[in-house]
Amino acid sequence: MNQLAHMPNVAQQIVLEYHTKLAAIDDVIENYKRTIQETNAAFRVMGEVTTLALADDSYISRSQAEHSLLSSTWQAIYKALSIDSVLSANDKKQFDQLLAKPPELTLENLKSVFGQYWENPRYYVLKGLAEVFCSLDPFYRSHSNFGFGVKGLPKRVILRGWGCIHGGARDRVIDMVNAMLLVDPDFWQGEGQDEWRQLVWNHGFRGESFELPQMGLEIRAFRNGNCHVHFSERALNLINDGLHEFYGAVMPDASEEKPSKKQKSTEVSKDLQFYRTPNDIVSKVLDDAYLPKDGFVLEPSCGDGAFLDELRKRGYKTYGVEVNRARAQECLAKGHHVHIGNFLEFHAPNEYAAAVMNPPFYGEHYLKHISKAIECLKPGGTLVAVLPASAWYQHKKLPNGGSWRDLPIGSFRESGTNVNTGYWHYKKKG
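Be aware that the sequence shown starts at 1, since it is given in our numbering, and climbs by one per residue.
Just so you know, these hints were derived from the structure itself, not from any lab. Take the hints with a grain of salt, since some may be wrong.
To be verified - Computed cross-link-like contacts, PhoX-like style, restricted to lysine-lysine with a CA-CA straight-line distance of at most 20 Å:
#1 K111 with K155
#2 K368 with K427
#3 K397 with K368
#4 K378 with K334
#5 K293 with K317
#6 K79 with K33
#7 K427 with K284
#8 K427 with K293
#9 K396 with K378
#10 K293 with K155
#11 K368 with K429
#12 K313 with K378
#13 K293 with K378
#14 K334 with K313
#15 K397 with K429
#16 K79 with K93
#17 K378 with K368
#18 K368 with K396
#19 K317 with K334
#20 K21 with K33
#21 K79 with K92
#22 K111 with K93
#23 K429 with K378
Said to hold, decoys possible - Restraint ranges, calculated between C-beta atoms of paired labels, are given here:
#24 A24 with D309: 18 to 26 Å
#25 L99 with I36: 41 to 49 Å
#26 N350 with K313: 21 to 29 Å
#27 G225 with D309: 43 to 51 Å
#28 I25 with Q94: 24 to 32 Å
#29 L236 with K21: 23 to 31 Å
Each residue gets a CB set at the ideal place from its N, CA and C atoms; glycine is no exception.
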């Protein structure tokens, strides 16, 4: 329990209460049964049972009791830490799903769900802003579109379903305003801050145009059910600064030349050359890949073997290529077959049934790695590549015929970057 010292005091107290009640759960259930029996016996003579049920003697299972206690504990920590005030709409939905099947109350799970809040609540706030605006327009998915002096943010976004009963556009405007206010609670100008949700709801339900000048927003309704949300310069500056803070001063993804001096950032500690693929992302990508098992799977730029490890667990034959000798030695020590060298100089045309890769992101350098990986595939072979979102939404230079899926905002957070990512699935022609 000494590990609880890493948590806020109020959370420590809740966890301690949970363990105390968990230890007593069998006694509580037995006391309940005994109380029911004694209550019913007090109103019966010679044990004769009447049609009137005085006390419910329904069975309480230990598993149900444990589930209730565990779910209640997660909810108590959530409320005690006031996490509702910083979570995005998506994170709130995910937490509601977690309560339906709450995980074990370990320090690792607590840090996974709440750790960023007590260590850095600002991260949740900025993540919420990124989630909202990335869902509005592909422009917001490129990390290099935001920064000091960056101009050209979209002055409007188009939403569908304004005036619909189900209120999709209405809810998105509410999420937008809420995300902006979480970034800067003092951003609202004038009176009426307590009424803005109702204003959005009323006008959105009726499909009407209206303004929120306190936020620098104007919503223009159209007969086709769309609405255009226009931003003032002040609102655009808030959005730009918030997203720049979230993505950090990373290297631009549309430049071929490295800056002479690396920029500093609280969010990004290194350039975009190597970011280890987190294990949950590895699993997510491979679950969707449907790779063939009748040949070797290649991992170009395999790093310390994130994909190689999981592929081996799943029964695939693998081969890696890694230019960094230290990382390559890590893979070799784990028993993987790895070629030490620059993948772009690797010669293995038409040999591999599949390739899975997380190539260097810098500039558009990943295109060279993708081209090389395709060259290594057998006809009909499969390529799956984790890439910056700008590769799909902005650069649009990937070979024709592939498909794309976004990864969640902040998927590479644990590896040191908030750059938006996704994965590209491609099948080489036979």
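* Contradicted hints - numbers only -> 1, 4, 6, 9, 10, 12, 24, 25, 29
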